[in-house]
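Q: One letter stands for each residue in the lines below.
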Amino acid sequence: MSAPAPTLSSARPATGQPGDLVLRFRDVAKAFPDGTVALEGVDLDVRRGDFVTVVGPSGCGKSTLLRIASGLSPATAGTSQVDAERIGYVFQDATLLPWRSVKKNVELLAELHGMSKTATNQAAMDAIELVGLRGHEKKLPRALSGGMKMRASLARSLTLDPDLFLFDEPFGALDEITRERLNDELIRLFAAKGFGALFITHSVSEAVYMSTKVLVMSGRPGHIVESFDVPFGPERTPELRFTPEFAALAGEVSHALREGHS
Amino acid sequence: MTATVHSAEETQVTTTVDTPPSASTADPVLTGAGTAPLVKRRGKGRKRVTDSLLPIAVFLGLIAVWYAITYLVLDPNRRFLMPAPHTIVTDALFDGPTMDKILPALGRSIVVTFTGLAIAIVIGMVWAIAMSQSRPIERSLFPYAVALQCIPILALVPLIGFWFGYDFPSRVIVCVMIALFPIVSNTLFGIQSVDRGMHELFTLHNASRTTRLLKLELPAAMPAIFAGFRISAGLSVVGAIVGDLFFKQGDPGLGILLDNFRARLQGQELFLTIIITAALGFAVFGLFGWLAKVAVGRWYDQSRDAG
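These protein sequence lines are chains A and B, in that order. So the first sequence is numbered by our numbering: it starts at 1 and just counts up by one. So the second sequence is numbered by our numbering: it starts at 1001 and just counts up by one.
The set of hints was computed from the structure by calculation and includes no laboratory data. Don't take every hint at face value.
Stated by the list, open to error - Here are some, though not all, of the chain B residues that point toward chain A, as calculated from beta-carbon distances under 8 Å:
id, residue
1, R1079
2, P1085
3, T1090
4, S1193
5, M1198
6, E1200
7, L1204
8, V1294
9, G1297
10, W1299
Predicted, not measured: the structure shown is a model, and the values here were computed from it. Note that beta-carbon positions come from the ideal geometry of N, C-alpha and C, so glycine has one too.
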């Protein structure tokens, strides 16, 4: 179904330019008090217009990367520098407040940031439109499917019009069909908004399909073993998954994953 | 380029997820046809009859045992110990002078119950919220909440009378002390059980402590808080009766009345007062169950609560 393209004249004009650095990690390490080293020597740059995906096995420290980037948990060595006015963070869980309607949930972050009532309302309506939840504003989270919950969660971050978007395996719990659809929608959002994205996943195909750059991570301690630039342009269609180029790149990434894992 | 794709399939998935649990128990036979469903319907019908008949049978059985004790076990001049059910209705419920005593007493006990409960709710919630916001406060104050629960309040009742007299204030104090703990513990538990991911969401966006309390912790704790209210509601009736029963002075509430009827061997009146006291307990408990449904039933599935 096609809906008219929503206007993107929401909350504030885009401040950043494509290519502006929004996140930089230099030699970042994280050790926990019990002595486990979760990350070691991680270098990473995310610019506006970059969609950087980190792919790696469970427990390799991928999520720790995001927790450091967002400031939820400090690095124990190295520097992490964030040049983003606002950060969007999409958790693996939709973390919607069950007593709030979809609309009220989407408005939450704008509320926390002290946006005016009218601006909050406008930003929420725009974001709901963008993620395709129009008509579901009044529903409670319990009445939504997993995919719709994730859309609402995405819309909630979109109201802030973030320069840097962090995604912690957001579609990991969804079925494949829903996941692929949301992949496409996220690509469109990315193309429209031009934020910088750091996306965590354990799916190679999702990583290659979504990204401008794929980083392969290996665990114990977590470090980046290889980096791949993805040559496909900004417009991606599901057919891309069946091209030989896609298969070749996905094969290389899988290979790097296995190498790093052994 | 459009950034919106509306997905029909996904919406369909939702409708199946949407279906409230009650709908799944709705009789599927209504839409079905053919012989097999018909057999099923008859089977179900029989089940429903047993479902409602058995409780009635048990109730009638208990009444029968009661009559048996009254007329077969008890000596005729000791029947005041367990007067026949119908005489409770004829000699007490329909007896003007008796009801003239019971109704004002019921009124006084209701006032004590609700005053005590209201005070317990305010104190309990403030206490719990204070503990939830600071670990040292929790460490300093939680032992007293536990003490409140562990010390038999009855042991303190004489002291309360000694200090505050035997009238309304003392009765309310007893009521508050008995009703307080579930509110404190449930509110605290509710606030402390808030999902970690949600806390992190608020942390990421620099929410102040007050914002976090008002927009996250208290709403999330509401189901637990209301469960606490409901337990305390029942206890506050107990508190009102106990205070009354012990102080035995001032305008009689239900507790004093119970004791008076006992002392004067007025069996019918005593039983009626007990039944009315029980009804008050049920009513207050039910009221708070209903309030909980109104407040959080929209988003919280209460069937997950045990009791």
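Q: Each hint: holds or not?
A: Structure-based check of all given hints:
Violation of the interface hint for R1079(B) is found here, the shortest Cβ-Cβ separation to chain A being roughly 56 Å, above the 8 Å cut-off. Look at P1085(B): its Cβ only gets to about 46 Å from chain A, farther than 8 Å, so that hint breaks. Using the Cβ-Cβ criterion of 8 Å, the hint placing T1090(B) at the interface with chain A is not satisfied: the shortest such distance is roughly 51 Å. Nearest Cβ of chain A to the Cβ of S1193(B): about 13 Å, over the 8 Å cut. The hint is violated.
Against a cut-off of 8 Å between C-beta atoms, the interface hint on M1198(B) holds, since the closest Cβ of chain A lies about 5 Å away. For E1200(B), the shortest C-beta to C-beta distance to chain A is roughly 6 Å, which falls under 8 Å, so the interface hint holds. A least Cβ separation of about 6 Å between L1204(B) and chain A falls short of the 8 Å threshold, and the interface hint therefore holds. Residue-level restraint check for V1294(B) is violated (minimum Cβ-Cβ distance to chain A is 13 Å; threshold 8 Å).
A cut of 8 Å between beta carbons decides the hint on G1297(B): the least distance to chain A is about 11 Å, and the hint is violated. At its closest, the beta carbon of W1299(B) sits 5 Å from a beta carbon of chain A; the interface hint therefore holds under the 8 Å criterion.
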